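Protein chains in written order, with my numbering: chain A, 1 to 284; chain B, 1 to 544; chain C, 1 to 324.
By construction, these hints were calculated from the structure, which means they are not laboratory data. If you're wondering where the values come from, they're calculated on a predicted model, not measured in any experiment. It cannot be assumed that every hint is accurate.
[Unchecked claim] Mimicking EDC-like on lysine to aspartate or glutamate, the simulated pairs with C-alpha atoms at most 20 Å apart in a straight line are:
1. 405/B x 244/A
2. 421/B x 48/C
3. 50/A x 307/B
4. 539/B x 176/C
5. 422/B x 291/B
6. 105/B x 291/B
7. 447/B x 92/C
8. 266/B x 163/C
9. 268/B x 43/A
10. 205/B x 48/C
11. 50/A x 399/B
12. 183/C x 291/B
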Amino acid sequence: MKRTLFRDFWRRFKRHRLGLIGAIIVFILFAVSLAAPVLSPYDPSYIDIKSILEPPSYEHPLGTDQLGRDVLSRIIWGGRISLMVGFVAVGIAMVIGVFLGAVAGYYGGYVDTIIMRFVDIMLCFPTFFLILAVVALLEPSIWNIMVVIGATGWMGMARLIRAEILSIKERDYVLAARALGSSHARIIWRHIVPNAMAPVLVAATLGVAAAILTESALSFLGIGVQPPTPSWGNILTAGKDSIEVAWWLSFYPGMAILITVLGYNLLGEGIRDAIDPWLREGRG
Amino acid sequence: MLLVWGCFALIFSPACSRPEGSSETPGHPAEAGPPCYGDTLITGSIGEPSNLIPILASDSASHEVAGLIYNGLVKYDKNLKLVGDLAESFEVSRSGLVITFHLRKGVRWHDGQPFTAADVLFTYKTMVDPRTPTAYAEDFLQVEKAEVLDPYTFRVTYKKPFAPALASWGISILPRHLLEGRDIMKSPLVRHPIGTGPFIFKEWKAGEKVVLTYNPDYFEGRPYIDRFIYRVIPDSATMFMELKAGGIDSMGLSPLQYARQTEYRKFKENFNKYRYPAFAYTYLGFNLEDEKFRDRRVRQAISYAIDRGELIEGVLLGLGQEATGPYKPGTWAYNSNVKQYPYNPVKARELLQKAGWRDPDGDGILDKGGIPFRFTIITNQGNDTRARTAEIIQRRLKEVGIDVKIRIMEWAAFIKEFIEKKAFEATILGWTISQDPDIYDVWHSSKTRPGELNFISYRNTEVDALLEKGRRTFDQGERRKIYWRIQEILAEEVPYVFLYVPDALPVVQARFKGIEPAAAGITYNLIKWYVPKAEQRFKLKAES
Amino acid sequence: MAAYILKRLLLMIPIFLGITVISFAVLHLAPGAPTEMQTMMQPKVSLEARARLNAIYGLDKPLHIQYFDWLKRLVRFDFGRSFSSDNRPVQEKIMERLPVTLFINILSLVLILVVAVPIGILSAVHRYSLFDKATTLFVFVGFATPTFWLALLLMLVFGVHLDWLPISGLKSLNYEYLGFWGKVVDLGRHLILPVLLSAFGGLAGLSRYMRGNMLEVIRQDYILTARAKGLPEKVVIYKHALRNALLPVVTVLGLSIPGLIGGSVIFESIFAIPGMGQLFYGAVMARDYPVVMGELVIGAVLTLTGNLVADISYALVDPRIRVR
């Protein structure tokens, strides 16, 4: 059963040309950062004060930063942090958001009330102060960042999927499935959630970029990635004050984030079409 | 987010060199025609003032603006000598215990009321009133008696000789007739100050600007410039754009802007850059209660392992100088003849070895008793130069076998959770250097309680004695000996690795003449700045 | 429906109180008190002086007493006085900044709606057309480009080199002397860059949600039915499909209402706009509890309202959704 479902999905997905391109882009990005020790031309934290803020050249294809470090190497290594933060944080947010949103939307009543009021509270939660309150208790680590971003980023998804489900659950095929005696779980996960994923995939795609940028902001509070470890977010942030002198410092990490977002976006389109039971013909 | 010593640090930011990179020599009336009235000076600032009653404010923006509106009894002149301001003259008794101020006559508050000794007494009483939320009461609590002898004579008596006493009367004198008997925190003067200074408060647009106009009756003469506008621009890149586009006339440049973004003809034609050592230094401080740093040789080794020249080159782009102690090179308290630590990794390794740190397992990191030499340098977020300094130090210490981690944190959490609780190993921070060399608060062993400034827990009985003697001694020659000795001890013991003194890098639009850089910086003679008629940009419209 | 709204409104009270308790507690839990922010690392400030300041601000009382004091004032719509050294009433500080932030955010929200919704619809209807691909790239570039990068670039081009637009701030120095239209033009010129920029960054979200749902909707039975009936494509799309595709837009709008007040710290600081974002940021950094709580309260009320309005609108957008 599971196998056929997956095979079915894969059969449709691989016919989705743009989806495949997206998958390849995302794959390459991950592959490059995994292969960072091999690919990166320099040690990303090698300081060379003789070549501070040098423009892109043969030796340094993407220029150097404020301490003369090679930007290309830092971006390749930074991908490890940034891609992981983007993926894991959004993954956490998606799991929590989809689950709670789906349950709230499907069951309605007091379940809905409790979950959605919890969402309201979470939306107002002063995360920033909580981070400061625990900064002395935590050792800085990338996991803190991913958990914080994930645990505070799911509320929008929950609301989006709940709204969709409110509408979908009244549709004929759901009513039919219910009449046929399908279990609640089966109805939710087989019939409803796949149809309600459109806005969630959009939110996830945008969430990846947001998470990558949020990482550096949170790291500065002392709980995340600390120097000299590069991440796209902190290369970009550090580039802000030298933007007039060194455009490359903020331009290239920005490009890396853009490519990542575009890759995920195409991948998301492919996934959506492949899981969509309405769309038997994979177009494109 | 450094600290500000008293109210002087920023207004009288000091200087001792000529402007650079400009073919004309700015600031000489002879070349620019006679001084004349008119025009507006717009200064950009990252921060907004919070309160224009300066004794209630602790931010530099407030003091900077209030410094143009109020006067103290004394002030530092261009050569950093204490001279009278609202006091025409003053006498210090031989014992140093009694100071008598003879006040200027005919000075009026901006609302027309006369200024008298009653205002001074009122200011003193306000300072020591426990209901006044001021951060600067400490100096005034040393006063035993303050009295008005006649409307123009004011006398204070101290319990014990207190060398910084005279300088403390640089505090802004407040108008008694507007504040007495009222809750100072709710006074309209907070937003609409009335002082005796060269500029009169005009308006304050929250988050935007503070506008001052010239005081026609100022006792030192009317400022040439009609209007002073303090524009709040929180982003330094935006501020620099505004400077180039003519939206502001002056600002402080970053080293990068100074070195790389202003070295072209058009900029040099339109602006004069100035460069002089700031009254501040950056250091690496050790928590001396930490076992690793108890041994002086370890601290000395770390000092040898750090290349200060590289730090200045890499972090300040060369715009600074090496620090050897807590004073600014060139000032009277500064002792150049102390133990130096030129970059020497070999010597560093030797010292570490003598202290018992070796590398038997060959992993490149020194061990002692099986414990590897690892520590974390913490510093605050929002100061890129400190973060970069930490990164360069990290690299250099790695070379001698010490594994350093860096942690950057939001300011309040950093101070509160780590510095004040002494839950740190080493930290990179900076101090502003005050005009008076008294550094009791930072180095005396009695100031090591949580929340006090000797957070590295430095304890040295000789230094303690010297610090106590230093603040009881008035003779500058005597004091110099005391503070020189302190610097020798600090250089030998290395409780801090003194890193560098950065340069202050102000820039002013070229139409402003009369700027004469001196030991006190450039703004000490703001009232003498002027713009030749032909170059004036703003006309002050008739006030309604 | 009326009963539902009433029930939700009543429920808002305990939720709101819960939020304020949590916020108050977490806020005070975070290291650094306002008095410490003013005095820490300052020589010449004794520990005694600090304790004195704490007493003046009432920070020496137990936390729950401080909370109830705060709540008592709040019931009378008094947010207290700022702990920053200006000690002004919080309302006053907020009100002088609120209009600017609201104005800019509403303008940019309107701009986003006007541009993103048509982009979303058209790219869904003509999926994988050149238009679809081009706008996809366009909105994602807008989304991924760091705000400060584009902002400084535009300032450099339009402000410094071309000298067409002012760089930062809201008003020129001679604003007071301008006539009415002069003022409007001056304000407008200052607002062009900030509004355009914040809208550019926000296009991606709304247009992608719109596109995604539109794709979903046009495959539904009733759309097929409508087409089969021979209705013109325009009617099918704009009358039948659009309405049903608005759900996520409603949700996203509901979620963005609190942002109207919080504004954007980054924008306001880059463009030196004296708005709420800057006030909030400054207050957070200085631990100015009354101001932070004031903004959190306003934010909470707006969040709750935004979500309630969204929930009600679902029923209006899609009649099949029953609101209980």
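Do the hints match the structure? See the list:
For the hint pairing residue 405/B with residue 244/A, the CA-to-CA distance comes to about 31 Å; that exceeds 20 Å, so the pair is violated. A distance of roughly 18 Å separates the Cα atoms of residue 421/B and residue 48/C; the hinted pair therefore holds under the 20 Å criterion. Annotation: proposed proximity of residue 50/A to residue 307/B holds, straight-line Cα distance about 14 Å (limit 20 Å). Restraint check: the Cα-Cα separation between residue 539/B and residue 176/C comes to about 14 Å, which is no more than 20 Å; the hinted pair holds.
At most 20 Å may separate the alpha-carbon atoms for a hinted pair to count; residue 422/B and residue 291/B meet this at roughly 13 Å. At roughly 61 Å between alpha-carbon atoms, residue 105/B and residue 291/B are farther apart than 20 Å, so this suggested pair is violated. Distance restraint check for residue 447/B and residue 92/C: the Cα-Cα separation of roughly 40 Å exceeds the 20 Å cut-off, and the hinted pair is therefore not satisfied. About 16 Å separates the Cα atoms of residue 266/B and residue 163/C, which keeps this hinted pair within 20 Å; it holds.
Between residue 268/B and residue 43/A the CA atoms are separated by roughly 39 Å; this puts the pair beyond 20 Å, and the hint is violated. A hinted pair counts as satisfied when its Cα atoms are at most 20 Å apart, and residue 205/B with residue 48/C does not qualify at roughly 35 Å. For the hint pairing residue 50/A with residue 399/B, the CA-to-CA distance comes to about 19 Å; that is within 20 Å, so the pair holds. For the suggested pair residue 183/C and residue 291/B, the alpha carbons sit about 66 Å apart, so the restraint of at most 20 Å is broken.
Of the numbered hints stated above, those contradicted by the structure are hints 1, 6, 7, 9, 10, 12, listed in ascending order.
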